[in-house]
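Here the protein sequences come in this chain order: A and B.
Counted the way our numbering counts, the first sequence spans residues 1 to 538.
Counted the way our numbering counts, the second sequence spans residues 1 to 538.
Since the hints were derived computationally from the structure, they do not count as laboratory data.
There may be inaccurate statements among the hints.
If chains are identical, the list can't say which one is meant, so a pair holds when it fits in one copy or spans any two.
Unchecked claim - Straight-line C-alpha distance at most 27 Å; calculated DSSO-like pairs for lysine-lysine:
#1 K483 with K132
#2 K39 with K417
#3 K132 with K252
#4 K281 with K219
#5 K417 with K132
#6 K503 with K417
#7 K389 with K417
#8 K483 with K39
#9 K503 with K281
#10 K39 with K503
#11 K24 with K39
#12 K24 with K351
#13 K281 with K132
#14 K351 with K483
#15 K252 with K355
#16 K28 with K355
#17 K389 with K24
#18 K283 with K219
#19 K24 with K219
#20 K39 with K132
Bear in mind the structure is a predicted one, so any value in this text is a computation, not a measurement.
2 protein chains.
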Amino acid sequence: MSRQRVVIVGGGFAGLYTALAIEKALAKEDDIELILVSKENYFVFQPMLPELLSGSIGIMDVVSPLRRLLGRADLHVREVESVDLERQELHAAPGFRPQPHIIHYDHLVLALGAVTDFRGLRGLPEHALPFKNLGDALQLRNHVIHALEEAAIESDPRLRRSLLTFVIAGGGFSGVEVAAELNDFVREVARSYRGLDAGEIRVVLIHSGTRILPEVSEKLALFAERILGRRGVEIRLQTRLDAATGEEAVLKGGERLSTRTLVSTIPSSPHPLLDALDLPKAKNRRLEVDSRLRVCGTENIWALGDAAAVPTPDGGLHPATAQHAIRQAGVAAHNIVAAIRGGEARTFDFKGLGKMGSLGHRCAVAEVFGFQISGFLAWWMWRTIYLMKLPGWGRRLKVATSWTLDVLLPPELVQLKLGGTRGIDREHFEPNQEVFREGDLGDRMYIILTGRVEVVRLRDGEEDRIAELGPGESFGEMALLNKTTRTATVRCVEATDALSLPKGDFAALTTNIPDMRRSFEGLMESRATALGARSRKD
Amino acid sequence: MSRQRVVIVGGGFAGLYTALAIEKALAKEDDIELILVSKENYFVFQPMLPELLSGSIGIMDVVSPLRRLLGRADLHVREVESVDLERQELHAAPGFRPQPHIIHYDHLVLALGAVTDFRGLRGLPEHALPFKNLGDALQLRNHVIHALEEAAIESDPRLRRSLLTFVIAGGGFSGVEVAAELNDFVREVARSYRGLDAGEIRVVLIHSGTRILPEVSEKLALFAERILGRRGVEIRLQTRLDAATGEEAVLKGGERLSTRTLVSTIPSSPHPLLDALDLPKAKNRRLEVDSRLRVCGTENIWALGDAAAVPTPDGGLHPATAQHAIRQAGVAAHNIVAAIRGGEARTFDFKGLGKMGSLGHRCAVAEVFGFQISGFLAWWMWRTIYLMKLPGWGRRLKVATSWTLDVLLPPELVQLKLGGTRGIDREHFEPNQEVFREGDLGDRMYIILTGRVEVVRLRDGEEDRIAELGPGESFGEMALLNKTTRTATVRCVEATDALSLPKGDFAALTTNIPDMRRSFEGLMESRATALGARSRKD
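The shape of chain A in the complex, shown without the other chains (with noise of 0.2 Å):
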């Protein structure tokens, strides 16, 4: 008989405990051939990625290499594009040469999580910051400390209270702790930026439930919000974030947030892939799964965790939390190893332990056993039960000692400029708003795909309208052909979506494609045309 192979696709916690729990299986016998998929080289202790925020824990502390977790299983680090459950064949994303990737498998275990999906929200996908993943933490850190360099030395008040102004949108345990541990983090620091008066600090918070968190009790809701008003958090109930640009959060009803940083930590929705994926699923858009943890009507496929609705005995369905995907990984590992083997199949059933959430600077809520904590003690048992889950005594006395020491240094302020430069790109405008000034250094042309624009020129004090531009129309190469500053300001006239191509782009474009080089000559030329018509007729 051939070794089966059970391909698991995602790190998270579904995927690495689940391979976890079949390598145990595998203990004495080597039946199974075992491979891991995951698009990082490294499992997250995603529940304490908030902490990152206020380098309450260190970036190495967050993360585990996945192979110094696995045993036998094989680790491949691609990101699956596809999958082809006729000849049940994964494929994966190319590597260093541009070749498809393929893995088959005999059984297949869907652990890809959810993702946060920004896709229908006006503005978001453009403009707002998930927070999802370690690359999301870092990047919002790095630019809240951008932030705060600019404000240091902005003299322009209305532009310095933008850049002090931090908007997160959802209320549950994720926006909460991102909440808590940025506001403890730029006050924290604000102390050590001369001139920046930390008055002028400001974060919102923004939900549409009558209270926060959801998630718990609301007399534990309460305690959240005066612990995280009294620091200086400012909560918005009762309303949502409507839209977004690069300088502004719309809330619902029209009030706008004038503000350089808005993260959202929802919607979260399963991962894209399984859109594509010809498979059974429930309302949430999570696949369709029997108490076993068998995507309904297959033979060999299984789901866990963020990206499967797992039914409860009851008709409803399990919480997507790390607790359940941990446990549910241990039924998945037993049932596809019988499934393999031969033996009975287990369900899954659990009622969860409870319910924790940081407020950040030493204090937390938890729901346990059904005993309501809060303040200190929640958020040591927070800490500590964290701590008993890293893997490897060396690695939790490590962190252990890091955070001891954290108490005599103040947090990090390092902004760790890694992004590279921002390339080709889309970005969307609200009626009224500027997308330059005249004046302006010009970085940047665009091309409106939706919606329409005005340019105007100030002539003795006085606003002039040159034109007005629509879909397909582009501005602003004048700037960078030229290479001085924007000759005139473009404010859009409805809601306008762009494209956006940086100068470099746009000289390496023009000079080396003849044809986008006359089209932007031509262009230029009726510009300039139109702008002499119009200043011998004034």
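Once you have looked at the hints, place chain B on chain A.
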């Protein structure tokens, strides 16, 4: 009398220590306004950067936030783009708002350091990795881990060997330390990769001289060569890097090393901002200063560190090391304060205390006060000196503890993917190199800048030459438009430079710029016709 403003550009050893020394002189008086302009908001302890590669020190242990080090000085985190000597103004790059940031100065201190400058070297700007700053070190570390991950699942032995070959050009302190740490790291972590044979790993150090480490005595250099050789570093003397492609390092004499990781620590040049400045320069392109560190022919411009050619009393030049920069900073600060307040100027002279270079794995070479030390003792001295230079006791304690605990823990192998996606890019190819192969996945299209390529297809096992293309012509767009694999192989006839556009950018541009779409549609049609004609002809 109004306050005089001293502006220091550069946050390395030279700039930071000048600021600190001026702050000390300001202790009681407030007659000088001090501004430090730095591209990054942190100071890097540069001599320790290579140790980051092996993980023998942590990211946060090698940097300190400048704000925490500075007292009275204002920090502007910006990149300086130009200096107007006439108006005594610095022009810095814009921040969140596209407005120029102008800083007036009464005294200007140019402490910009040096950069790795690959300009004019065939293929190096496109394909060699520099090793100068923190970003370079992190990028190299992540790249190396990526190569190991790919090698672990690569079935083609040629590609696997190329992924496991690491080439370092430059046998001075910097190149030797990079080679040593990189070698330690890959050989240590390779054990965590199942199915990766450590025997396949090659680390090659290329040096033009007859021995490495020209900075120290022959005895120490030969010791270093022996140690490195024993640990598996191949040393190639009396040769140099002639060119680079994405797949090969080409040595003088024509030898080609197949590699995906090429690091070059040479050549080191002064900051490009200096090129544009109308100030006297020495033969090595550094700023000419007198022994008081004033730029020759100026009254209020000072230069030190790697940016300056500082004369010795006997007509030579002082070496560009951190030790020298720190001591120059004291002299420059004294002389600037003296120039403002009145007082006697001091001249700079310093013989150097010694030289040290780490060979990795608790081993180093050092020349101190004429003594030659090698092995563990030299390494221990090196570490101790570093620890003493760290600012603050809390920080020192933290780093010392983490070093102690590191003995317990294997090095991290977390690959942080922070680089974002690769945008429009230049690539260099050598003669006979394949840009892509028939059957590859199509992820980029190319526009030839210089050189010639041939387009060939396999027909019944024979190569059929379809076309030859030259400057201004493009290829590879068919696979992008039709979303299929490459229909032909493109091979360079001569050395070729090309602009490459990723799939996403190409789609955005052809969808939204009508001229560009028409241009490529026309091209596609003519290609299809040519292919059709060829097929009929056969």
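Outcome of the hint check:
1. K483 with K132: neither (40 Å within a copy, 31 Å between copies)
2. K39 with K417: both (22 Å within a copy, 10 Å between copies)
3. K132 with K252: within (24 Å within a copy, 48 Å between copies)
4. K281 with K219: neither (36 Å within a copy, 71 Å between copies)
5. K417 with K132: both (20 Å within a copy, 14 Å between copies)
6. K503 with K417: both (20 Å within a copy, 25 Å between copies)
7. K389 with K417: Classified as between: cross-chain Cα gap 25 Å, same-chain 31 Å, threshold 27 Å.
8. K483 with K39: between (42 Å within a copy, 23 Å between copies)
9. K503 with K281: neither (45 Å within a copy, 31 Å between copies)
10. K39 with K503: between (32 Å within a copy, 20 Å between copies)
11. K24 with K39: within (24 Å within a copy, 51 Å between copies)
12. K24 with K351: within (25 Å within a copy, 63 Å between copies)
13. K281 with K132: Within one copy only: 23 Å inside, 51 Å across.
14. K351 with K483: neither (65 Å within a copy, 48 Å between copies)
15. K252 with K355: Intra 30 Å, inter 64 Å, cutoff 27 Å: neither.
16. K28 with K355: Neither. Shortest intra-copy (37 Å) and inter-copy (56 Å) distances fail the 27 Å Cα cut-off.
17. K389 with K24: This pair counts as within: shortest intra-copy Cα distance 18 Å, inter-copy 48 Å.
18. K283 with K219: Neither: 31 Å inside a chain and 74 Å across chains, both beyond 27 Å.
19. K24 with K219: For K24 and K219, neither the intra-copy (42 Å) nor the inter-copy (54 Å) Cα distance is at most 27 Å.
20. K39 with K132: within (14 Å within a copy, 29 Å between copies)
In summary, the numbered hints that this structure violates are 1, 4, 9, 14, 15, 16, 18 and 19.
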